[in-house]
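Residue numbers (the working numbering), protein chains in the order written: chain A, 78 to 396; chain B, 588 to 734.
Heads up, a few of these hints could be off.
[To be verified] Non-contacting residues of chain A with respect to chain B, defined by C-beta distances greater than 10 angstroms in every case (computed):
# : residue
1 : His135
2 : Phe147
3 : Gln199
4 : Leu235
5 : Glu289
6 : Ile342
7 : Leu350
[Stated by the list, open to error] To give an idea of the interface, some chain A residues facing chain B are shown, with a C-beta separation under 10 angstroms as derived from the structure:
#  : residue
8  : Val150
9  : Val155
10 : Arg366
No lab work stands behind these hints: they were computed from the structure.
Just so it is clear, CB atoms sit at the ideal spot from N, CA and C, and this is done for glycine as well.
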Amino acid sequence: MRNRPSAWLLPLFLVTTLYAHNLLFGQSTPSSSEDSSRLTYHSSVSEVRLVFFATDEHNHLVEGLQKNDFAVVDDERVIREFRSFTRSDVTKLDVVVLIDSSESVLPYFEQEITEVQQLISQSPWGSGDNVSVLSFSGEEAHLICAGNCGSSFVSDRLAFLPRGGPTPLFDAVEIATNLLIQRRQPDVWPVIILFSDGDDNVSKASFHEALEKILVSEAQVYAIDVSSLRRPSNGTATLQRIADDSGGRFLPISEGAGRIFNDVIDDLHSARLVTYELPESDADFHSIRILPTRNLKLQFRCRRGYYFRPGGAHSEDSP
Amino acid sequence: MKRVFSLIFLSCTLPGLLAAQTGIYQHGTVVRMHMGECIPAGHGFMVAFGGPSTPMGPEPCPEYTLVADNVVFVIVGKLSNSLIPLAETIDFRFRKNEIAVRVDDSKHEVKFAIKEMTVRSEWDRMQRHIEERMKDQVDHEAEVRLR
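Next comes chain A alone, as it looks inside the complex (with noise of 0.2 angstroms):
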C-alpha cells in the first residue's frame, strides 16, 4: 500500500511534463522558426583597403613581394596580420591634367604646353581611361575639357589658354579632387597629373586643405616641377609634399611628357592592394606609413592616410 502513491504519481508526473512541454514549446516553436528566419544579423568591421608600390634601393619594382616583407603602421600601431595581399586589380584610369597657366610658370610655359600635348595625345590611353584637362590662373580655373579629351580639340585649345595673373593652385587641386570624387569608381584609379612650379598666391583654399582634399579623393599625384630650378624652393616643397603624400611622383619636367606617362602605367600595373581590420582609435584621421620587415632596403610609397569618421562619410576604401 505504501507504494501505490509513487505507482500512479510517475505517470502523472510524466504526462504533466510532456504537456507542459508542449504548452510551452509546442506552440512557440514555429513562430520561433519563423522569427529567426526574419532575424538579421548585423556586423560593423570596418577594413582598410591600402594600395602601395614597392621599390628597391634602385628604384626599381620589386616583383617578387610576400605578405611577410612588410608590416602598415596605421596611426602608430604596427599591423604585420592582413585580411589580404593582392596585385590591385584597377585597370582605367581617371586623370586630370592641371595646367599651371600663371604668370610665375610664363617663363616656361611654351615647354609646359608642349609637354602636355604630347602627354595627351601620343600616350597609349587605353580605350577605358578618362583624361580631364584643367588650366589655371587668375583667381580661377578653367576647364578646358571633361572625361574624353581628344587630342585635336586640346591642342587647340590650349593654344587660347588664359594666362598670366595670380595662381589658385590649391583651389585647383580642389576642384580636380572634387571631379575625380563624382566619378569614383571601384575599377578606376583616380590621378592628378600637376604641371606647376608650386606656387600660390591666391587661392581661398589653404595647403592643408588640398591636401586633406586629395587623401579623400584618394587620388595619386604625380608632380611635374616646371620650374627647372636647380636648388630647391618653397614651390619645390609644395609639389614634393603633394605628390608624396598621395603617394604618387615628384618629377621636374625635364624628364619628359614620356617618362611621366610610363610613371603612370608602371604604378598601375605593380600596385598591391593590402586589406586589414580597421584598428580602433579615437582620431578620425589615421596616418599610414609601410616599412619593411627584413629587408630595410625596401622602398615603400602610398598615401600619407586616410579620414575614418565612425558613422559618417569613409574613406579608407581605395581602388
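Got chain A; can you put chain B on it based on the hints?
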C-alpha cells in the same frame, strides 16, 4: 603612485637583469612606431646611469614601443633614418645604457636611446584598460546612432 612604484621596482631589479643579460640578445616585438622628437643630449631615462647621447638634428626621430618578455621599452632612434625592421620578433641587447637592435641577419646593429621603461604586466594592464575604454566608446557611439 603606481608609476613611482614601478620605477622603484625597475631601478631595483633592472641592474641585475641587465647584468645577467649583457651581450645576449633578447627578443621583442615592436607594436607601435611614430616619428617624434629626438632626445636631446643630456636627457633620457638611462642618462642617469651614464653615457651622454650625441647631439640631435632638426629632423624627427623614429620612436618605437618594444615589448619584451618582462619589460616594455620606448626607444628613440638617434637619426631620422634609424629604422628597425618591423618583423614579428627582433633581437636586441643592452649596450652602454642604450639598446642595440640587430637590423638584419648580420652583426649590424643600430643603437637607440631608452626613453621609457614599464614592467610588462603593468603595461598589459594599461593596454587592456585602454581597449576597454575604446570599446565602450564605440558601443556608446553605435547606440547613439541607433536612437
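Each hint tested on the structure:
1. Non-interface call for His135(A) relative to chain B: holds, since the shortest CB-CB distance, roughly 18 angstroms, exceeds 10 angstroms.
2. Residue placement check: Phe147(A) does not keep its beta carbon more than 10 angstroms from all beta carbons of chain B (closest about 8 angstroms).
3. Consistency note on Gln199(A): stated as away from chain B, and its beta-carbon is indeed over 10 angstroms from all of that chain's, at 40 angstroms minimum.
4. No beta-carbon of chain B is positioned within 10 angstroms of the beta-carbon of Leu235(A); the least distance is around 41 angstroms.
5. Consistency note on Glu289(A): stated as away from chain B, and its beta-carbon is indeed over 10 angstroms from all of that chain's, at 20 angstroms minimum.
6. The beta carbon of Ile342(A) is kept farther than 10 angstroms from every beta carbon of chain B, the shortest such distance being approximately 30 angstroms.
7. Residue-level check passed: Leu350(A) sits 20 angstroms from the nearest beta carbon of chain B, beyond 10 angstroms.
8. With a cut of 10 angstroms, the hint placing Val150(A) at the interface with chain B holds, because the nearest CB-to-CB distance is about 5 angstroms.
9. Interface restraint check: Val155(A) against chain B, minimum CB-CB distance 6 angstroms, threshold 10 angstroms, status holds.
10. Taken as an interface hint, Arg366(A) checks out: its beta carbon lies about 8 angstroms from the nearest beta carbon of chain B, inside 10 angstroms.
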